[in-house]
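> One letter stands for each residue in the lines below.
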Amino acid sequence: MSAAVTVAALCERFGFASNADAGLAISGVQTLARASVTDLSFLANPQYRQAAKASSAGLIIATEADASWLDRPCLISRNPYAGFARVAALFEPRADVLPGIHPSAVIDTRASVDPSASIGPLVTIGARSVIAAGAQIGPGCVIGEDCVVGADTTLVARVTLVKRVRLGARVLIHPGAVLGADGFGLAFDQGAWLKVPQLGGVLIGDDCEIGANTTIDRGALDDTILEADVRLDNQIQIGHNVQIGAHTAIAGCTAIAGSAKIGRYCLIAGGAGVVGHIEICDKVTVAAMSLVTHSIKTPGEYASGTPLQLKQDWRKNAVRFKELDTLARRIRKLPGD
Amino acid sequence: MSAAVTVAALCERFGFASNADAGLAISGVQTLARASVTDLSFLANPQYRQAAKASSAGLIIATEADASWLDRPCLISRNPYAGFARVAALFEPRADVLPGIHPSAVIDTRASVDPSASIGPLVTIGARSVIAAGAQIGPGCVIGEDCVVGADTTLVARVTLVKRVRLGARVLIHPGAVLGADGFGLAFDQGAWLKVPQLGGVLIGDDCEIGANTTIDRGALDDTILEADVRLDNQIQIGHNVQIGAHTAIAGCTAIAGSAKIGRYCLIAGGAGVVGHIEICDKVTVAAMSLVTHSIKTPGEYASGTPLQLKQDWRKNAVRFKELDTLARRIRKLPGD
Amino acid sequence: MSAAVTVAALCERFGFASNADAGLAISGVQTLARASVTDLSFLANPQYRQAAKASSAGLIIATEADASWLDRPCLISRNPYAGFARVAALFEPRADVLPGIHPSAVIDTRASVDPSASIGPLVTIGARSVIAAGAQIGPGCVIGEDCVVGADTTLVARVTLVKRVRLGARVLIHPGAVLGADGFGLAFDQGAWLKVPQLGGVLIGDDCEIGANTTIDRGALDDTILEADVRLDNQIQIGHNVQIGAHTAIAGCTAIAGSAKIGRYCLIAGGAGVVGHIEICDKVTVAAMSLVTHSIKTPGEYASGTPLQLKQDWRKNAVRFKELDTLARRIRKLPGD
Chain A
67 MSAAVTVAAL CERFGFASNA DAGLAISGVQ TLARASVTDL SFLANPQYRQ AAKASSAGLI
127 IATEADASWL DRPCLISRNP YAGFARVAAL FEPRADVLPG IHPSAVIDTR ASVDPSASIG
187 PLVTIGARSV IAAGAQIGPG CVIGEDCVVG ADTTLVARVT LVKRVRLGAR VLIHPGAVLG
247 ADGFGLAFDQ GAWLKVPQLG GVLIGDDCEI GANTTIDRGA LDDTILEADV RLDNQIQIGH
307 NVQIGAHTAI AGCTAIAGSA KIGRYCLIAG GAGVVGHIEI CDKVTVAAMS LVTHSIKTPG
367 EYASGTPLQL KQDWRKNAVR FKELDTLARR IRKLPGD
Chain B
67 MSAAVTVAAL CERFGFASNA DAGLAISGVQ TLARASVTDL SFLANPQYRQ AAKASSAGLI
127 IATEADASWL DRPCLISRNP YAGFARVAAL FEPRADVLPG IHPSAVIDTR ASVDPSASIG
187 PLVTIGARSV IAAGAQIGPG CVIGEDCVVG ADTTLVARVT LVKRVRLGAR VLIHPGAVLG
247 ADGFGLAFDQ GAWLKVPQLG GVLIGDDCEI GANTTIDRGA LDDTILEADV RLDNQIQIGH
307 NVQIGAHTAI AGCTAIAGSA KIGRYCLIAG GAGVVGHIEI CDKVTVAAMS LVTHSIKTPG
367 EYASGTPLQL KQDWRKNAVR FKELDTLARR IRKLPGD
Chain C
67 MSAAVTVAAL CERFGFASNA DAGLAISGVQ TLARASVTDL SFLANPQYRQ AAKASSAGLI
127 IATEADASWL DRPCLISRNP YAGFARVAAL FEPRADVLPG IHPSAVIDTR ASVDPSASIG
187 PLVTIGARSV IAAGAQIGPG CVIGEDCVVG ADTTLVARVT LVKRVRLGAR VLIHPGAVLG
247 ADGFGLAFDQ GAWLKVPQLG GVLIGDDCEI GANTTIDRGA LDDTILEADV RLDNQIQIGH
307 NVQIGAHTAI AGCTAIAGSA KIGRYCLIAG GAGVVGHIEI CDKVTVAAMS LVTHSIKTPG
367 EYASGTPLQL KQDWRKNAVR FKELDTLARR IRKLPGD
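Protein chains in written order, with the working numbering: chain A, 67 to 403; chain B, 67 to 403; chain C, 67 to 403.
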């Protein structure tokens, strides 16, 4: 965490231009509304231009056009939000994490832990699992058998890697996430369910982030795969043998059913669903709580659902949904159609 | 857990009136259908009046009108369900929780634990966190850095407070809940995602209840805030910088996206969604699996969605939804409209 | 895990017929696309018939008709997917689990653990809980008070049984699942919420499977009940006093509200919802993300929702949903209707 940093230092480090005094220093970051004269804030969304004008912030990151219009001390960036993210990282409190294995951790003798990795209290690591250099395994994590945790990857706390889970470098996994549990594979036979063994694993690319209480099942025969830089929010369910392309981001509580294949640079909003065994091409956006029931071959924005209404109005319309086909047939029969 | 309690004692303690013998004693609580002569039951929903008439319960909590109609031993309350809740609490088995720190817990030397608090087995507590008087931290909980657990607050088991989480008094959190994980903040820059540091915290008011496997992210700059007496069921997702007003209750599997602001005395049913950056005023009810996509400024009940049908019928109607605008335009052009 | 197994051995063990050489051996299982000459694969779905023709698999499980058409070495089964599940189990790597209690586990002196059970590291077991013969309790599990874990039941890792949870024999529970947390029972009284004690338990029948991060609340007065062979995927929420009939399977992220009763042999897809206090009869199928708002008395397939569209098209139709009743009334008034 920095104490204070000057405009000159920020420009040098991140390549910003600036209209501000090179010696002007900020000691924190804040929202436009709450910033004080020692804080840096940012203007990315045009609807906050008046708030930026009125802000007490000592320094604001803005586009060249906005900086000119604001006519106050600014850092200039083509992507102010990304610029803000980089500066804010300077002020993020860092826990002091020391390399080594906490004495309360239970490590199988056949596991391998790099000396520069940090294994927190009450962690368990199973046979043949490998923890690479610089990895941080926070308190209460359970790592089963045959897992790999890549270099500089962090499991914040209470993460479970069940088995055959391989994580790339710089992956970040939040508490309660479960990777590598059995896929939901069942055969119906003689009046009861028969479990189908789940013999695959999970493969997570570099720079992925996995949210709290998200679950990613391991594959039935092949692996479940996230390519690099996939970003998953909290409470997402990823079924067995799903594949997700690089740079795709998915918001909370979305469920992707088994063997679905999702492209690169997709954005899937919260509470959405994708049924199994379909393909979504690159650069598809899916709206909140929409259900994708068939493959999508054209990039674009997709949605399903109905608008929110007062319940008394909604009820009248919803009941008419049941006669929609009848109504449509009636209209199609009208003269002139 | 009480052995038996008399009508006189219940009336004195909770202010009930009664038509029953003051010395009549009950030794448990049960549903109307399963109650025996030593049990107390309750009649709150009018559709159970016949069940109350037929019940073998020794004593029934009911309104004055229902008690009169039932013409059997009753406790009289304007709110029989609340009255039942109070009596039932007498019969709840209590685990014997002793103050002190279990020897298997791992407590940072810079943390502070009140001597009257109970820290269960295999708990970890990080630097600068404070556990107040009477708090109970159940087995397997992980409390990170800079957290506060208020007086008489209970973390049942395996709860995670990641960092900068401050809980009020008498808060109850169920297993698997994760508070204070990183909000889902990303900036897209040069073809890849850049993480936006999440520098805020989580603030939970007095008397809140947080369900099993519910997640509440910490704020990006400001805090994520639940006012007093907010009640969250299981598997709810609360995004960063959300604010929820006092006495609002939310049922399971609902997701509230980042920076949404929800009023007081709202009731949000299960599986619902609220998109980010909108406001819902006080006393709004949202139906199950409805999606709130815009701010709501008028109290009332809201819903979205379509009714359940046999799939063969649903399919015919659903396909017509895609031509709804065309059909509507056709109708609007009809003579006489 | 088998090294290699012959056609003769497979036929004898599982009752397959075969057109293959009795001495032909396979040493693994694979998808049709990835199988090599030493692998067994399967043909269950007719759309994979060409893939089966082209596969390099040494042996394929198929129906008699498909085996005849394929005209290559096959095991013959009326249910090739179930047959495959049985053979695949031979090749599943098994962790070496030893009976006994890991020294880091914290077991209440009033708990009872069968000597043949395996209690993993960092497990806690509370007062009066009973672990039966052959049970496996994986790392980090928390078992509270008054629980029963039946014979040969497995808690993979980090499972929580809060209190009064009784599991049958051969139950399998995946990481992060929480059984027996308080049901969401609240009475509104004098402007605030009053907690209704949850005095019941959870009863799970033999051969059930419970997915990762799934939650099953305990009952308010009666128990929450899953009959035998119920299969729950990940992140499912089961409210208090729900009853689920034998052999019902539910996919991920579905929520069943309190006191709902679901029949036997039902199939509920992912992301669906069932409101409280309703009954669904046997052999009902519910489509993904559908909401069941009333009791279902006739077996069959049910659905709700609207189809996915390009957002620009969807928006035009969705806004018309709000005038559906008006449109319908207009049509109903047309001459000839």
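Don't take each hint at face value.
Claimed, not checked - Keeping only pairs whose Cα atoms sit at most 27 Å apart, straight-line, the calculated DSSO-like set for lysine-lysine is:
1. B:K261 / A:K377
2. C:K388 / B:K349
3. A:K382 / C:K261
4. C:K261 / B:K327
5. C:K377 / A:K382
6. C:K377 / B:K382
7. B:K261 / A:K327
8. B:K261 / A:K382
9. A:K388 / B:K377
10. B:K363 / B:K327
11. C:K327 / A:K377
12. C:K382 / A:K363
13. B:K377 / C:K377
14. C:K327 / B:K327
Unchecked claim - Partner residues aside, some chain C positions facing chain A, computed with beta carbon under 7 Å:
15. L188
16. A253
17. N279
18. Q301
19. Q309
20. E345
21. D348
22. K388
Stated by the list, open to error - Derived list of chain B stretches under chain A, where covered just means 3 residues or more per stretch with a C-beta under 8 Å from a C-beta of chain A:
23. 75-84
24. 96-110
25. 141-150
26. 154-160
27. 277-288
28. 387-393
What the hints contain is simulated information worked out from the structure, not anything from laboratory work.
For glycine and all other residues, C-beta sits at the position ideal for the given N, C-alpha and C.
> Give a verdict on every hint.
Quick rundown of the hints versus the structure:
no.: 1; hint: B:K261 / A:K377; verdict: violated, 40 Å
no.: 2; hint: C:K388 / B:K349; verdict: holds, 23 Å
no.: 3; hint: A:K382 / C:K261; verdict: violated, 36 Å
no.: 4; hint: C:K261 / B:K327; verdict: holds, 25 Å
no.: 5; hint: C:K377 / A:K382; verdict: holds, 25 Å
no.: 6; hint: C:K377 / B:K382; verdict: holds, 21 Å
no.: 7; hint: B:K261 / A:K327; verdict: holds, 25 Å
no.: 8; hint: B:K261 / A:K382; verdict: violated, 45 Å
no.: 9; hint: A:K388 / B:K377; verdict: holds, 11 Å
no.: 10; hint: B:K363 / B:K327; verdict: holds, 12 Å
no.: 11; hint: C:K327 / A:K377; verdict: holds, 26 Å
no.: 12; hint: C:K382 / A:K363; verdict: holds, 22 Å
no.: 13; hint: B:K377 / C:K377; verdict: holds, 24 Å
no.: 14; hint: C:K327 / B:K327; verdict: violated, 35 Å
no.: 15; hint: L188; verdict: holds, 6 Å
no.: 16; hint: A253; verdict: violated, 23 Å
no.: 17; hint: N279; verdict: holds, 5 Å
no.: 18; hint: Q301; verdict: holds, 5 Å
no.: 19; hint: Q309; verdict: violated, 18 Å
no.: 20; hint: E345; verdict: violated, 21 Å
no.: 21; hint: D348; verdict: violated, 13 Å
no.: 22; hint: K388; verdict: holds, 6 Å
no.: 23; hint: 75-84; verdict: violated (count 0)
no.: 24; hint: 96-110; verdict: violated (count 0)
no.: 25; hint: 141-150; verdict: violated (count 0)
no.: 26; hint: 154-160; verdict: violated (count 0)
no.: 27; hint: 277-288; verdict: holds (count 5)
no.: 28; hint: 387-393; verdict: holds (count 4)
Taken one by one, the earlier hints fail for this structure at numbers 1, 3, 8, 14, 16, 19, 20, 21, 23, 24, 25 and 26, listed in ascending order.
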